[in-house]
Amino acid sequence: MKDHDTLEHRLTQQGISRRSFLKFCTAMASLMALPPGTAPAIAAALAQAKRPSVIWLSFQECTGCTESLTRSHSPTLESLIFDMISLDYHHTLQAASGFAAEKSREDAMKDFYGKYLLLVDGSIPTKDNGIYSTIAGRTNLDLLQEAAKGAAAIVAVGSCAAFGGLPMAKPNPTGAAPVSDLIKDKPIINISGCPPIPSVITGVLAHYLTFGELPALDELGRPKAFYGETIHDRCYRRPFYDQGKFAKTFDDEGARNGWCLYELGCKGPTTHNACATTKWNGGAGFPIEAGHGCLGCSEPNFWDAGSFYTPLAAPTSNIGAIAGAAALAGAAAAVALSAADRAKKKSLQQTHEKLTVKDISN
Amino acid sequence: MTLQDIAVKVERADDYSVGNISALLAEIATLLEKFIATGQSAEIDLKSLPMGALEYEQLRLALGQGEVAANLEAIGPSEIIETKYPGVWWVTHYNVEGDIVADLIEIANCPAILTSQPQDMQAGLARLQAAIEK
Numbered sequence: 007m008k009d010h011d012t013l014e015h016r017l018t019q020q021g022i023s024r025r026s027f028l029k030f031c032t033a034m035a036s037l038m039a040l041p042p043g044t045a046p047a048i049a050a051a052l053a054q055a056k057r058p059s060v061i062w063l064s065f066q067e068c069t070g071c072t073e074s075l076t077r078s079h080s081p082t083l084e085s086l087i088f089d090m091i092s093l094d095y096h097h098t099l100q101a102a103s104g105f106a107a108e109k110s111r112e113d114a115m116k117d118f119y120g121k122y123l124l125l126v127d128g129s130i131p132t133k134d135n136g137i138y139s140t141i142a143g144r145t146n147l148d149l150l151q152e153a154a155k156g157a158a159a160i161v162a163v164g165s166c167a168a169f170g171g172l173p174m175a176k177p178n179p180t181g182a183a184p185v186s187d188l189i190k191d192k193p194i195i196n197i198s199g200c201p202p203i204p205s206v207i208t209g210v211l212a213h214y215l216t217f218g219e220l221p222a223l224d225e226l227g228r229p230k231a232f233y234g235e236t237i238h239d240r241c242y243r244r245p246f247y248d249q250g251k252f253a254k255t256f257d258d259e260g261a262r263n264g265w266c267l268y269e270l271g272c273k274g275p276t277t278h279n280a281c282a283t284t285k286w287n288g289g290a291g292f293p294i295e296a297g298h299g300c301l302g303c304s305e306p307n308f309w310d311a312g313s314f315y316t317p318l319a320a321p322t323s324n325i326g327a328i329a330g331a332a333a334l335a336g337a338a339a340a341v342a343l344s345a346a347d348r349a350k351k352k353s354l355q356q357t358h359e360k361l362t363v364k365d366i367s368n
Numbered sequence: 018m019t020l021q022d023i024a025v026k027v028e029r030a031d032d033y034s035v036g037n038i039s040a041l042l043a044e045i046a047t048l049l050e051k052f053i054a055t056g057q058s059a060e061i062d063l064k065s066l067p068m069g070a071l072e073y074e075q076l077r078l079a080l081g082q083g084e085v086a087a088n089l090e091a092i093g094p095s096e097i098i099e100t101k102y103p104g105v106w107w108v109t110h111y112n113v114e115g116d117i118v119a120d121l122i123e124i125a126n127c128p129a130i131l132t133s134q135p136q137d138m139q140a141g142l143a144r145l146q147a148a149i150e151k
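Sequence order for the protein chains is A and B. Residues 7 to 368 in this note's numbering are what the first sequence lists, from first letter to last. Residues 18 to 151 in this note's numbering are what the second sequence lists, from first letter to last.
If you are wondering where the hints come from, they were derived from the structure by calculation, not from laboratory data. If you're wondering where the values come from, they're calculated on a predicted model, not measured in any experiment. Be aware that one or more of the hints could be misleading.
Cβ-Cβ distance ranges computed for the label pairs, FRET-style [said to hold, decoys possible]:
| id | chain 1 | residue 1 | chain 2 | residue 2 | range |
| --- | --- | --- | --- | --- | --- |
| 1 | B | Pro103 | A | Ala175 | 52 to 60 Å |
| 2 | B | Ala40 | A | Lys190 | 44 to 52 Å |
| 3 | B | Pro135 | A | Asp187 | 47 to 55 Å |
| 4 | A | Lys133 | B | Pro94 | 47 to 55 Å |
Restricting the straight-line Cα-Cα distance to at most 20 Å, the calculated cross-link-like pairs of lysine to any residue (SDA-like) are [what the hints assert, rightly or not]:
| id | chain 1 | residue 1 | chain 2 | residue 2 |
| --- | --- | --- | --- | --- |
| 5 | A | Lys285 | B | Gly115 |
| 6 | A | Lys230 | B | Asp62 |
| 7 | B | Lys64 | A | Thr44 |
| 8 | B | Lys64 | A | Arg240 |
Cβ atoms here follow ideal geometry from the backbone N, Cα and C, with glycine treated the same way.
Generate coordinates for the entire structure from the input sequences, incorporating the hints supplied.
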């Protein structure tokens, strides 16, 4: 008897041809950074995949991650990706509200206990018993702990859920924490980024459906297929870095020639993400292609790492002033520079430094 | 209007080069040589390669267009072009919004996506027989 709950059956019912499905799988292979030749194998696995229940909880967040997903230019997200999952609760997207909405979450947790995927965006406030963010009168912490119990796996979508993000930036008034700090007994996959690349979110879901397991993760719990290399590794401007050709300001000859943005504060060398190849807005480009350096938004604590416009290799103090002192003080200068830099870094960690005009013009 | 409708002015395409395209052309030549010798087809996912807009245009100019061009309409359009080097195909899949979802160089006699699928043929046969019986 034919299984009526498989993706193949649902697509056939909708009149989608096998050729269309193969095209979709080719796009999926590209999404998941798999060799294009694997498309037929993906098609065979996906065709028999059953729709897992998905519960999506949004906590301390800006809804940018959901905006990212719903603006996804991956193959007809609206029809096919949502055909692949059963999104049983998402308080921004669902039509139901109030008690009906909460009941759908409770029903899904009960009916699919141990089998559903829990997607979380936003960090979780823990200070003062988590009172700073509540849904239907319950704290985010309470909702997370309850939903996590019956989850097969948890996907932390966005830098807030993965690493704490903006809510956890100093001075962290709500005691915000990432999912991985609070849930220790479930597999957690971190899809970091502010927001994450939409096709990376769908690619991870497709991987789970195709292979029935989570993809290989790096030491920060991110899928290696998308976070295995740095922006710098895959940047089309990388050859200019190797040639020592750098833009010094945003409007100089180097900037116009498309040279490397390292000296303008690009965080590409320390940032693991797929922006340089997957790109944004349907493949139109990514920040460096638009002439701005990478902010490093997919790395932990990027809000507290100093100015976006300070080169990675530069000390965080005014070198010029200290170098003047060095001429007078001789060998003591190195000690002064080091001590000043350490003090500035400590200060930055304690209070989030605001961007000034000077940061940009230097 | 889609992003692809916004005109892009390509400047200094001839003298802008960081070497990525020549490396890619060498890889294509190697794969074509292997296909001629062994019949083993191959694919290159262009979306996985770091290319700027200028380099992408350079690749298009370098490969050119050959004798065959086909269009597909399957959950969005697809363009299949045989380049000026027979056996080297450029396959671009779009979604219904007109955005590129897969961009491949295929080394083959004919790209796999063009061939009729057994399941589709079976369904088509059933429709044809039903039409005859009417």
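Hint-by-hint comparison with the structure:
Between B/Pro103 and A/Ala175 the beta carbon distance is about 57 Å. The supplied range of 52 to 60 Å therefore holds. Between B/Ala40 and A/Lys190 the beta carbons are some 46 Å apart, a value that agrees with the proposed interval 44 to 52 Å. Distance hint check: the CB atoms of B/Pro135 and A/Asp187 are about 51 Å apart, consistent with the given range 47 to 55 Å. Restraint check, A/Lys133 to B/Pro94: a C-beta distance of roughly 53 Å satisfies the suggested window 47 to 55 Å.
Using a Cα cut-off of 20 Å, the hinted pair A/Lys285 and B/Gly115 holds, with the two alpha carbons roughly 16 Å apart. Annotation: proposed proximity of A/Lys230 to B/Asp62 holds, straight-line Cα distance about 18 Å (limit 20 Å). Distance hint between B/Lys64 and A/Thr44 is fulfilled; the C-alpha atoms sit about 15 Å from each other, no more than 20 Å. With a CA separation close to 11 Å, the supplied pair B/Lys64 and A/Arg240 stays within the 20 Å bound.
When the structure is compared with the earlier hints, no violation turns up for any of them.
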